[in-house]
Amino acid sequence: MKRLFLVVSLLAFGFIAQANAADPNAADPNPANHGDHGTVLYRIYCTQCHGVHGKGNGINAAQMSVQPHDHTDTKSMSTRTDAGLFKVVQQGGGSIDKSILMPVWGGNFTDADIHALVGHVRELCCKKK
Amino acid sequence: MKQLLSLGAAALLAIGAPCATYAGVPGDVQTQCGGCHTFNHDYASQPVTERMERKGPPLDYAGNKFQRTWLVAWLQNPVRIRPAGEFPPDHVKSGPDGKDVVDTSTLLKHPVLSAAQAGTTADYLMTLKPFDNLIKAETYQPGTISPRMGEMNFVKFRGCGACHEHAPGKGGLSGPELYTAWKRLQPAFIASYISNDVAWDPHTMMPKSDNSQRSVEKLANYLKVIGGK
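Protein sequence lines, in the order shown, are assigned to chains G and V.
Position in the first sequence (from 1) plus 66 gives the number in this note's numbering.
Position in the second sequence (from 1) plus 13 gives the number in this note's numbering.
Hints may be right or wrong, so weigh each one.
[Claimed, not checked] Within a straight-line C-alpha distance of at most 25 Å, the following computed DMTMM-like cross-link-like pairs (lysine to aspartate or glutamate) qualify:
no. : chain 1 : residue 1 : chain 2 : residue 2
1   : V       : K106      : G       : D139
2   : G       : K164      : G       : D102
3   : G       : K141      : V       : D223
4   : G       : K153      : V       : E164
5   : V       : K169      : V       : D103
6   : V       : K112      : G       : D139
7   : G       : K164      : V       : D136
8   : G       : K121      : V       : E164
9   : V       : K221      : G       : D177
10  : V       : K169      : G       : D163
11  : V       : K112      : G       : D136
12  : V       : K183      : G       : D136
13  : G       : K153      : G       : D179
14  : G       : K164      : V       : D103
15  : V       : K169      : G       : E189
16  : G       : K153      : V       : D116
17  : V       : K106      : G       : D177
18  : V       : K237      : G       : D179
19  : V       : K221      : G       : D163
20  : V       : K68       : G       : D102
21  : G       : K121      : V       : D116
22  : V       : K106      : G       : D163
23  : G       : K121      : V       : D103
24  : V       : K221      : G       : D136
25  : V       : K112      : G       : E189
26  : V       : K221      : G       : D102
[Unchecked claim] Here are some chain G residues pointing at chain V (derived, C-beta under 8 Å):
no. : residue
27  : G104
28  : L107
29  : Y111
30  : Q114
31  : G117
32  : N123
33  : G124
34  : M143
35  : I162
36  : V170
Hint data in this document are derived by calculation from the structure and do not stem from the laboratory.
No experiment lies behind these values; they were computed from the predicted model shown.
C-beta atoms are modelled at their ideal positions from N, C-alpha and C, and glycine is treated no differently.
Let's have the full structure, built from the sequences with the hints guiding it.
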């Protein structure tokens with residue numbers, strides 16, 4: 067009887083463990099738990115090329131003919147206006163005579179999204195902690 | 014000793030449970046695969062933060078997307094298609110020179126199915142076709158393009174190579190490899206997704222470009238050319 071109990075317990079444990087493994091991370095819809103909106107958008111859409119720390123050295127950069135901008139470069143970024151940053155996100159690098167490898171994001175983002183991204187880039191470049 | 018054998022048998026049964034119950038019927042597929050893949054389009058109405066939680070691509074439109082033959086083969090031999098996983102920022106570490114590199118140790122492995130399980134699973138997935146309207150609206154007819162012109166367009170003019178590999182080791186790592194896309198995906202899906210990816214997935218990480226029909230055809234034809242190698 068004890069043995070049967072042991073077997074049943076182990077089976078139950080196995081199924082519970084697998085149920086948990088099948089759902090490792092339930093989606094958390096609360097943006098507050100993912101940082102502010104600009105930070106979230108930057109992490110999802112920009113870090114692949116600009117790097118997880120914004121230094122222009124993302125996982126795609128090694129294969130790119132033109133290197134992504136280093137958003138932590140205060141001197142360089144200080145020459146860019148917010149309007150210019152908005153334009154390059156919305157209309158792509160070609161719109162400001164830069165590389166077309168910076169895509170056109172206007173079809174993915176609202177104006178509010180782009181303003182939030184520009185705000186985050188300003189945090190990276192010019193409001194270092 | 015008998016107790017030890019019972020313990021072993023119980024442990025094996027517990028470990029083998031997903032395979033044993035993988036009958037391929039809708040409930041089983043959704044239960045077994047639902048931890049990483051979504052089977053309904055609810056994610057489209059969720060905040061963009063849901064994109065950070067994905068462990069595998071959505072399967073709610075699998076029947077509009079995949080080639081069944083490829084699905085059956087891949088489920089039995091699931092080789093990685095996305096070099097940096099479904100959400101690349103979660104799989105990045107700092108390389109020796111300080112540059113970001115893919116941390117392969119954090120990437121999940123897809124379960125291997127038997128031939129029978131792969132067949133029944135693929136049969137079910139191919140029934141999921143909520144976007145027949147997008148497929149029917151697509152006018153793309155597969156054609157050809159010279160490999161040289163196709164590559165120039167893909168890499169230099171359209172910038173696709175920044176995120177996608179168009180040959181092993183050639184191209185970016187954040188998107189799915191595309192030199193296998195022609196075998197994996199339906200031609201109409203390829204064209205429709207290039208043309209209007211946001212209609213398929215509002216949280217796609219691919220930029221929605223204003224590609225002309227001719228431009229879409231060039232890109233799709235290039236995937237056909239490199240997919241035939």
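So which hints don't hold here, by number, going up? 2, 3, 4, 5, 7, 8, 14, 15, 16, 17, 18, 22, 27, 34, 35
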